[in-house]
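Visitor: For reference, the chains in residue letters:
There are 2 protein chains.
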Amino acid sequence: MPEIRKDPITGSWVIIATERARRPDDFVRSPVEIRGVKVCPFCHGNEDKTPPEVLAYRNGTGPDTAGWNLRVVPNKFPALRVEGLLDREGDGIYDRMNGVGAHEVIIETPDHFLTLADLAERRIEDLFWSFRDRINDLKRDKRLRYILIFKNHGEAAGASIEHTHSQLIALPVIPRRVEEELEGALRHWQFKERCVFCDVVRQELRDGSRLVLETDHFAVMAPYAPRFPFETWIVPKAHHSHFESAEAGYPNLAWVLRAVLRKLDKVLERPAYNFMLHTAPVSEGPMAHYHWHIEVIPKLARVAGFEWGTGFHINPTPPEESAQFLRDAGTF
Amino acid sequence: MPEIRKDPITGSWVIIATERARRPDDFVRSPVEIRGVKVCPFCHGNEDKTPPEVLAYRNGTGPDTAGWNLRVVPNKFPALRVEGLLDREGDGIYDRMNGVGAHEVIIETPDHFLTLADLAERRIEDLFWSFRDRINDLKRDKRLRYILIFKNHGEAAGASIEHTHSQLIALPVIPRRVEEELEGALRHWQFKERCVFCDVVRQELRDGSRLVLETDHFAVMAPYAPRFPFETWIVPKAHHSHFESAEAGYPNLAWVLRAVLRKLDKVLERPAYNFMLHTAPVSEGPMAHYHWHIEVIPKLARVAGFEWGTGFHINPTPPEESAQFLRDAGTF
Numbered sequence: 001m002p003e004i005r006k007d008p009i010t011g012s013w014v015i016i017a018t019e020r021a022r023r024p025d026d027f028v029r030s031p032v033e034i035r036g037v038k039v040c041p042f043c044h045g046n047e048d049k050t051p052p053e054v055l056a057y058r059n060g061t062g063p064d065t066a067g068w069n070l071r072v073v074p075n076k077f078p079a080l081r082v083e084g085l086l087d088r089e090g091d092g093i094y095d096r097m098n099g100v101g102a103h104e105v106i107i108e109t110p111d112h113f114l115t116l117a118d119l120a121e122r123r124i125e126d127l128f129w130s131f132r133d134r135i136n137d138l139k140r141d142k143r144l145r146y147i148l149i150f151k152n153h154g155e156a157a158g159a160s161i162e163h164t165h166s167q168l169i170a171l172p173v174i175p176r177r178v179e180e181e182l183e184g185a186l187r188h189w190q191f192k193e194r195c196v197f198c199d200v201v202r203q204e205l206r207d208g209s210r211l212v213l214e215t216d217h218f219a220v221m222a223p224y225a226p227r228f229p230f231e232t233w234i235v236p237k238a239h240h241s242h243f244e245s246a247e248a249g250y251p252n253l254a255w256v257l258r259a260v261l262r263k264l265d266k267v268l269e270r271p272a273y274n275f276m277l278h279t280a281p282v283s284e285g286p287m288a289h290y291h292w293h294i295e296v297i298p299k300l301a302r303v304a305g306f307e308w309g310t311g312f313h314i315n316p317t318p319p320e321e322s323a324q325f326l327r328d329a330g331t332f
Numbered sequence: 001m002p003e004i005r006k007d008p009i010t011g012s013w014v015i016i017a018t019e020r021a022r023r024p025d026d027f028v029r030s031p032v033e034i035r036g037v038k039v040c041p042f043c044h045g046n047e048d049k050t051p052p053e054v055l056a057y058r059n060g061t062g063p064d065t066a067g068w069n070l071r072v073v074p075n076k077f078p079a080l081r082v083e084g085l086l087d088r089e090g091d092g093i094y095d096r097m098n099g100v101g102a103h104e105v106i107i108e109t110p111d112h113f114l115t116l117a118d119l120a121e122r123r124i125e126d127l128f129w130s131f132r133d134r135i136n137d138l139k140r141d142k143r144l145r146y147i148l149i150f151k152n153h154g155e156a157a158g159a160s161i162e163h164t165h166s167q168l169i170a171l172p173v174i175p176r177r178v179e180e181e182l183e184g185a186l187r188h189w190q191f192k193e194r195c196v197f198c199d200v201v202r203q204e205l206r207d208g209s210r211l212v213l214e215t216d217h218f219a220v221m222a223p224y225a226p227r228f229p230f231e232t233w234i235v236p237k238a239h240h241s242h243f244e245s246a247e248a249g250y251p252n253l254a255w256v257l258r259a260v261l262r263k264l265d266k267v268l269e270r271p272a273y274n275f276m277l278h279t280a281p282v283s284e285g286p287m288a289h290y291h292w293h294i295e296v297i298p299k300l301a302r303v304a305g306f307e308w309g310t311g312f313h314i315n316p317t318p319p320e321e322s323a324q325f326l327r328d329a330g331t332f
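Protein sequence lines, in the order shown, are assigned to chains A and B.
Each residue of the first sequence is one higher than the last, beginning at 1 in this note's numbering.
Each residue of the second sequence is one higher than the last, beginning at 1 in this note's numbering.
I should point out that these hints are in silico values taken from the structure, not numbers from a laboratory.
Predicted model, so just to flag it, every value in this text is computed and none were measured.
Glycine is no exception: its CB is placed at the ideal position from the N, C-alpha and C atoms.
With a straight-line Cα cutoff of 25 angstroms, these simulated SDA-like cross-link-like pairs (lysine to any residue) come out:
#	chain 1	residue 1	chain 2	residue 2
1	B	Lys142	B	Val54
2	A	Lys49	B	Ala17
3	A	Lys76	B	Thr18
4	B	Lys6	A	Asp95
5	A	Lys237	B	Gly90
6	B	Lys6	A	Ser283
7	A	Lys6	B	Asp87
8	A	Lys266	A	Ile161
9	B	Lys6	A	Leu85
To give an idea of the interface, some chain A residues facing chain B are shown, with a C-beta separation under 10 angstroms as derived from the structure:
#	residue
10	Pro8
11	Ala17
12	Ile93
13	Tyr94
14	Ile174
15	Arg177
16	His278
17	His313
All chains, please: the whole structure from these sequences, using the hints.
Guide: So, in structure tokens, the structure goes:
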């Protein structure tokens with residue numbers, strides 16, 4: 001019998017096809033290949049092909065020159081712009097404002113042919129420090145309410161440049177998906193006076209069937225009501241609403257994220273994927289009811305179509321099975 | 001300057017890239033081709049290759065034989081099953097229930113090589129009568145709260161069988177996207193004592209910039225804050241919350257839907273698309289605040305990736321432009 005499960009945070013229902021479950025081999029494989037390009041603006045030596053950097057971790061070299069490990073630059077084709085006034089205005093029953101915000105690219109390595117999963121732990125840790133540094137800089141702009149950090153890996157997951165990078169979008173509004181989490185987490189808090197994410201971590205560590213791995217600082221799990229096959233969450237054990245104030249966990253997070261990406265690479269043959277950092281709005285102080293985390297979603301061919309048409313998620317792989325495949329893949 | 005716009009119904013914000021807008025030619029074309037297959041279970045003469053029909057419009061022939069114009073059968077691999085008890089139960093902080101419901105396929109024509117846009121108006125009208133007939137039959141089952149009707153056209157939009165068909169999923173829960181619309185529409189009603197969809201239709205007819213076409217019964221428009229390029233809504237002028245009670249509009253709707261699909265075929269070169277019928281929950285009586293409508297979303301290559309990663313919609317084509325392209329395409 002298929003099951004209908006409710007996400008304890010957002011309250012969304014999903015159908016989990018428990019009977020004819022899709023195993024990793026049932027998905028059409030389309031491994032992400034790095035082919036190389038003539039001129040890559042993100043490569044070592046091409047620093048003049050991007051807008052001037054806003055942050056870089058360098059070995060004593062000057063801005064916008066070679067000799068860096070990680071570099072943050074404004075997106076050359078930004079979805080939002082820092083200049084200008086918000087100008088909120090109505091148009092009859094409608095509401096609009098200017099696209100004020102920031103859109104930045106975090107170039108994770110100068111080497112074109114490495115993926116994030118290939119990087120040394122210390123380099124992945126740098127990524128988290130760069131997220132923190134950019135958040136702390138941007139949050140001084142009081143027009144901005146939310147900073148969205150995410151990664152699209154592979155063309156199928158929306159990456160238009162193959163050189164490994166993450167993206168940051170600073171918004172004057174709170175995205176719907178985050179608002180749903182905030183509202184759901186607040187409802188749980190009002191009812192129980194506990195953080196729903198803390199409850200989820202406790203239950204998953206006890207239960208174990210959806211657990212992928214556990215470290216001192218993190219629980220990695222397939223969520224109870226995943227929208228997508230092999231959806232995987234990295235949830236810190238310590239309660240912090242804001243990623244930028246959870247620095248103590250960054251070194252361990254580097255190991256954890258790399259382990260998750262390598263497991264996905266092994267089990268699903270280097271799939272395209274997205275990850276998204278869910279953190280509390282920068283416009284808010286510490287929240288007892290919200291808890292930052294990372295959601296990783298591999299993009300598996302021939303499965304995506306359904307929810308676009310229906311607005312409803314049907315997941316052909318139970319989280320207990322995806323967790324077992326990822327658990328059994330070992331760490332390396 | 002890009003714009004940030006709010007959908008007046010759900011309250012979601014989207015970024016509209018007004019500057020470097022994508023025109024139809026900027027999208028990579030991948031026209032849907034009907035190639036034919038050895039044995040198609042939806043073809044005339046293969047009625048024994050599907051589960052027994054639950055509805056058919058026939059010319060006096062017997063069930064599950066040839067001689068039909070439209071045929072509704074249970075999905076051979078259903079996401080939900082009619083048998084069994086709901087068995088709502090908790091598992092610690094989690095909620096689940098059995099996957100009780102229905103999953104049916106509406107085969108729109110016996111001819112493998114026609115698309116919905118190719119059909120005669122009278123055949124498309126049949127589709128709406130079949131939706132009504134199935135809704136009225138299924139709503140007698142009091143376990144079911146929502147009936148989702150949608151179409152995936154083309155593999156890129158999630159269709160696994162190329163023979164043209166729509167799908168119906170009857171659910172014991174209300175999908176999140178519909179709930180968002182219901183809640184938003186109720187908020188508008190509480191504030192204004194008017195239906196937000198009626199307000200949208202009035203404003204769009206007056207404004208004209210996002211209007212694709214208008215008939216006696218319908219307004220077709222690009223919505224003010226579309227999530228996707230060339231997203232197009234078909235909204236009835238008369239207020240009805242439930243599709244199944246809006247029968248007077250079906251003949252006109254056949255002409256309208258065909259016109260919209262043909263315009264999309266012309267402007268975007270036979271794109272894959274989804275449409276979804278948004279109607280009020282079958283478990284509710286007539287609602288003053290909700291208004292049924294159809295959302296059509298072409299699936300345009302190389303644009304989809306973004307919102308998966310971000311949980312936020314960035315639309316590179318302003319609705320004023322997509323509406324103009326579709327308006328200018330004429331009707332035929």
